[in-house]
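Novice: Read off the chains here:
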Amino acid sequence: MPEVRLVNVTKRYGRIVANDHINLTIKDKEYVSVIGPSGCGKTTLIKSIAGIIEPDEGEIYIDGKLVNKVPIEDREIGYVFQNIALFPHMTVWDNITYGPKVKGYPPEETKSIAREMIEMIKVSARADAYPDELSGGTQQKTAVARALMSRSKLLLLDEPLGALDLKVRAALRYELRRIVKDLGLTALHVTHDQEEAMSISDRVVVMRKGRIIESGNPLELYMRPKNLFTANFVGEANFLAGKIDKVTGEGAIIDLRGGLKIRSRSRNMNVGDRVVIAFRPEFAFLGKREGENVLSGKIRNIVYSGSLIRLNVEMPNGNAIVIKKALRFGESLPRIGENVTVSIPPENVLIYPYPERGLHRELSLE
Amino acid sequence: MTARPKKIDVSSKIVVSCTLIAFMIFVILPTFYLISYVFLRWDEVWYEVFANPIIGDENWKQIIKVLSFSFRLSLSTVAFDLIFGIPLAYVLARKKFPGRSLLEDLVTLPLVIPTSGFGFATLITWTTVAGLGGLLGLSSGLISLNTLAPFINVPFILFVVHVALTFPYVVRTVETKIQSIDMTYEIASRTLGASSLTTFRNILFPLSLPGIFSGAVLAFARSLGETGATLIVSGVSTTASIAIVRWASEFKLSTAAFMGSLLVLIAWILILPAEIYVSRSRRASGISLHLPINLTKKMIKLERFISRRLFFIKDAVPLIIVVVTVVIPIAVVLNSVILYWSADPYTGKVEGGVFHQLFGPSNYFGSLLRATLTSIIVASVSTYIATCIAIPLSFIIERRRYGRILRTMLKVPMIIPTSSLGLSVLLLWGSSGLNVVNSGIWMIILTHIVFSVPVIVESIIAAYEGSGIQMYEDSARTLGANAYNAIEAVSLPLIKGGIITGFILSFTRSLGETGATFIVMGRDVTIPVLVVNMVEALAIPAALFTSTYLIVLSLIMLAIIRILTRR
Amino acid sequence: MALVKLVNVTKRFGKIVALDGINLSIKDGEYLCILGPTGAGKTTLLRIIAGLLEPDEGEIYIEGKRVNGVPPEERNAVYMFQNFALFPHMNVWQNVSFGPVIKEWSSEKIRNVTSEILEMVRLGERRDAYPNELSGGMQQRVALARGIAAGARILLLDEPFGALDARLRVDLRTQLRSLVKDQGLTAIHVTHDQEEALMVADRIAILREGRIEQIGSPQEVYTDPQSIFVMSFVGGANFFDGVISHIDESGSTIELRGGLHIQVLDTTKKIGERVVVAIRREDVSLGKSRRRGFNNLIGEVADAMFVGGSMEYIVKLENGIPLSSRILLEGGSRIFRKGDIVIVSFHPKECRVFQYPERGLLKEIEAI
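Protein chains in written order, with the numbering used here: chain A, 1 to 366; chain B, 1 to 567; chain C, 1 to 368.
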């Protein structure tokens, strides 16, 4: 039975539509992330589910029950905040046991559940410490423990790692997933960090300007994004404008600038359509490979980034692309100014209709 | 790159020193002079108060009696303020509703309203037929001057006036404190299953304790020191601050000075620990009473019920209080002016009408005009000088390490009894002291500067701390602006609002100030003092008009602030 | 000649030593990143260079001259805050022309310089807008323009992308570097994002608890980390606790818990010495067969995640220790699933050996 269901949920602030007829279903025990640029409405969405915000239109169902008019304290959810919000005047122990206490649960039971929880989440703080004595990561773990004490089955995470250092973020996100999966919870996780979302979710929902534009599992979203915006938001991509030249049984052939042609496996376009093709930089290879698109160009720049390098290649037709590859020990690399051959597998070339508003506007992340 | 130009270094030192010296001379010295007066003239004081050849230590007994009455009055006032003020502060801080800013203005009104005019308005509302009595069909006032309030044994009308005048201190202070608390804590509490009331008890209340404490102390001190309105409604009772006025006018200066010093010391003793507590307590004690589980369960259920069904009560009752204590008296006064304009509506006598009193033989209108002129000159000059001191002083407070001490010192002139203040100024600058100035307009100005500076400083500091100025200044400095350029081009524009608000607030307060002015005025009369005189001369309709006039002036000032800060 | 030089700079706040004997030399035109965790002292360092804070000990030289005690307005170093600090009561034009106006240039010169720079950051059309009307990225460009217009030679950037979305950061960081290089400015860029530092810096200085742990080009810092902390902070790695069990001319053998052995090329340690072996996740490959010349260990895939174009695996070895691997997905590579039994391989020359740290391994790698 679906844990959370949103039907036509709409919320307006003056003329801005923060949530525009959102329809979303989150299945029991699913870990779903909602990502999108600032202002896309993801925070409004999660707050509506919690009851912090009341939608103007639409219905929200939790575990089959309509909860629109149900106050926050009766919705039985766990909520984790971006700014952590541990009660500053209470110790770690008092924070964690707050939920059961205000619901009137028996204290003995509360004590043992709390101990279990601290153990399970590996909260490394002393029970009598105050929040301001703890590191950011420990604080947030304490907050998660606090949220889960009520044994609720739904966990809502509102940019839970936003206030933390990058290294802590990278480590804590896996912890979040482990906790959710070990306890068999349903989780909705809102974040602007697509890498964070992609690495721990069962499903990722992409929002933009109040609407859900795409949703799918991370691999799908990365390899076959249905949307130009998604392709840009969820990872790096090369975008080139062109026109459909031919459509054969194998796929379409696209005319890029200056007569350069590129093949794709997609077929649902018409000859003469204006399109944008996209391919991820790690799916462009140095050297000639059988059966793939082979282009030539000159190395304009090489950027090293740890064990990855990005090569900026300019082709004779003026288009510039980026190739991303892992540095293999002892491998020799071309130098700046050298001519190279680049191969791109047709199955990695995605085609999108040319956006009305222009490519730059469509790809804009703000 | 040259070494730092000596010029700028030196001139900034000059500005700082001048400001601090001016601060000391104009604000601090008068506040504390009273105490040193008592010490310097201890023999005189001892003689008059304790070992008086004629009446023994009668004066001392009087002092005790008056002080205990005042304490009873003030403590009950503060208790009442807290019970009804905290919920109102919560509503103002957290809820948005149409008319919210109007409500906030209503609450602020008593801070700037001329106390004598307000006292008068309250008087006729409750004790005469022109007020509530008439509304309810009685042939006289609802209560008399001396009706006692139940339980506390202080005159009801005195109690009402003190509540009205101190309510804003509690509400505003607690409101500001609550606003500074991140709302996420309350939301977190509710997601954990606590109802609004339980959340308030466990989260908001402990975290706002410093503000509650601070507000209570301010309200208490304000009530202790309240003079202007009390002069009008006290009837036969005497509060501490009125006693000072009375003794000063009877030339029992030593006794008055002694009482005044006591009040200053009490204010000091209250403020100091309060400030220390407020700044130290980063974590308010988690007031989680460990009650037996059954009781806790019942309480939680009760809180849930109240949160759900009865929450509107917490909004309604304080609102009623504000309306009754503030709005109705003003409405009554305005109404009565119209009613009484041409003649006394009950006796028909033209002599009892406002018009006659103003323009007839007593020519109160003339005195009103003169008083207006005096009031405006006093308000303008004192506020201007106070602003000149306040602006650099605010910067010093924000930037120097000893700024905290300065800020605490500034709290005292805000709450010591205005009569004490007046007396202090009289003794310091007048013929018994340095003999620089005589009683009259200049002494009034000197007095008004003392309480204006703190008001303007608090206003500027509020704007300063709200705007992240330090960061903008640092930015400007690294872009090539020296300290002066940075302040001029960046900081001042950003706190402009605070300066203007502070200016208008203190101008209005100065217009309406009664207690201190009474003592130092000599022959120059300001409008609020005129009201007192009229009441004493039983020229009630004239007092009516003058109070209305004064109240309307303050309302206009407040409206101006509203408009300016809206932008 | 060094444009900025710090000699033995120390700064204390009460009992906390924020900076401890910092020595740093920055060349003209260099893009230096100061990388470190929160609280390492990065912002303090930047503020001291700017003149907003004075050191307790040590000297600071800018353009060859000693600037201790010299006020910020005379140091030619512009400080850019994380939230840009655009003057809210001035519009874009007024913000950008602030520096020239303060310097009292002729109005014609002010106009020319301001227009030129606004065009350069592509904000010419928004010159009348106020900061609160602009997006985060635009505000940053205005802040940059403002610093450049003021004629600064040195840009001090305090977590310049901290206030922006993750995805936006990636785009803007290359733009920022290009702008700085085009203008011939020197940048000192403070961040806790190691990926950012690796991508934009000419040199990276790693700051930890007030001291510089290592300084070098991004490649140097990545391929030749001098300490466990640096290796963990920049790029991350698998760290194993072990003991040297055998040494000969070709290398050493290290015994891990549970009897597993790893071959490394390092020969500088002694038999019986407790050490830490580190191997980067990108250097660990998964397969079904052993690779000759490599270290090969058997394990079971405990978790398989798809992260940003790479597959990240957590493999539980026979001795219970988890090993993390991150492989860029390049068409055709095999994807393993949870529960698969695999052989993890890594070459001895990619293993780094460190002395076992006094404070214990966990402290050094700053796990949560």
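Any given hint might turn out to be false.
Claimed, not checked - No farther apart than 20 Å at their CA atoms in a straight line, the calculated lysine to aspartate or glutamate pairs in the EDC-like style are these:
no.	chain 1	residue 1	chain 2	residue 2
1	A	LYS153	A	ASP202
2	A	LYS288	C	GLU330
3	B	LYS301	A	GLU76
4	B	LYS95	A	GLU175
5	A	LYS324	C	GLU195
6	B	LYS61	B	GLU44
7	A	LYS29	A	GLU175
8	B	LYS61	B	ASP315
9	B	LYS95	A	GLU54
10	A	LYS246	A	GLU236
11	A	LYS325	C	GLU63
If you are wondering where the hints come from, they were derived from the structure by calculation, not from laboratory data.
On a predicted model such as this, the values are computed, not experimentally measured, just so you know.
Novice: Holds or violated: LYS61 (chain B) with GLU44 (chain B), Cα cutoff 20 Å?
Specialist: Holds. LYS61 (chain B) to GLU44 (chain B) sits at ~17 Å (cutoff 20 Å).
Novice: Just to be careful, I want the Cα atoms of LYS324 (chain A) and GLU195 (chain C) compared with a cutoff of 20 Å; is the pair within it?
Specialist: holds, 15 Å
Novice: Holds or violated: LYS153 (chain A) with ASP202 (chain A), Cα cutoff 20 Å?
Specialist: Holds, at roughly 17 Å.
Novice: Below or equal to 20 Å on CA atoms is what counts here, so check LYS29 (chain A) against GLU175 (chain A).
Specialist: holds, 16 Å
Novice: For a C-alpha distance cap of 20 Å, please report whether LYS61 (chain B) and ASP315 (chain B) respect it.
Specialist: Measuring from Cα to Cα gives roughly 44 Å; hence the hint is violated.
Novice: Run the distance test for LYS325 (chain A) versus GLU63 (chain C): straight-line Cα separation, threshold 20 Å.
Specialist: Roughly 40 Å between the alpha carbons, so the hint for LYS325 (chain A) and GLU63 (chain C) is violated.
Novice: Against the 20 Å threshold, does the CA-CA distance of LYS95 (chain B) and GLU175 (chain A) hold or violate the hint?
Specialist: violated, 38 Å
Novice: Could you grab the alpha-carbon distance between LYS95 (chain B) and GLU54 (chain A) and see if it respects the 20 Å cut-off?
Specialist: Roughly 15 Å separates the two Cα atoms, so the pair holds.
Novice: Given the hinted pair LYS246 (chain A) and GLU236 (chain A), is their alpha-carbon gap at most 20 Å?
Specialist: violated, 28 Å
Novice: Would the hint linking LYS301 (chain B) and GLU76 (chain A) be met if the CA-CA limit is 20 Å?
Specialist: holds, 17 Å
Novice: Quick one, are LYS288 (chain A) and GLU330 (chain C) close enough, alpha carbons at most 20 Å?
Specialist: Roughly 15 Å between the alpha carbons, so the hint for LYS288 (chain A) and GLU330 (chain C) holds.
Of the numbered hints stated above, those contradicted by the structure are hints 4, 8, 10, 11, listed in ascending order.
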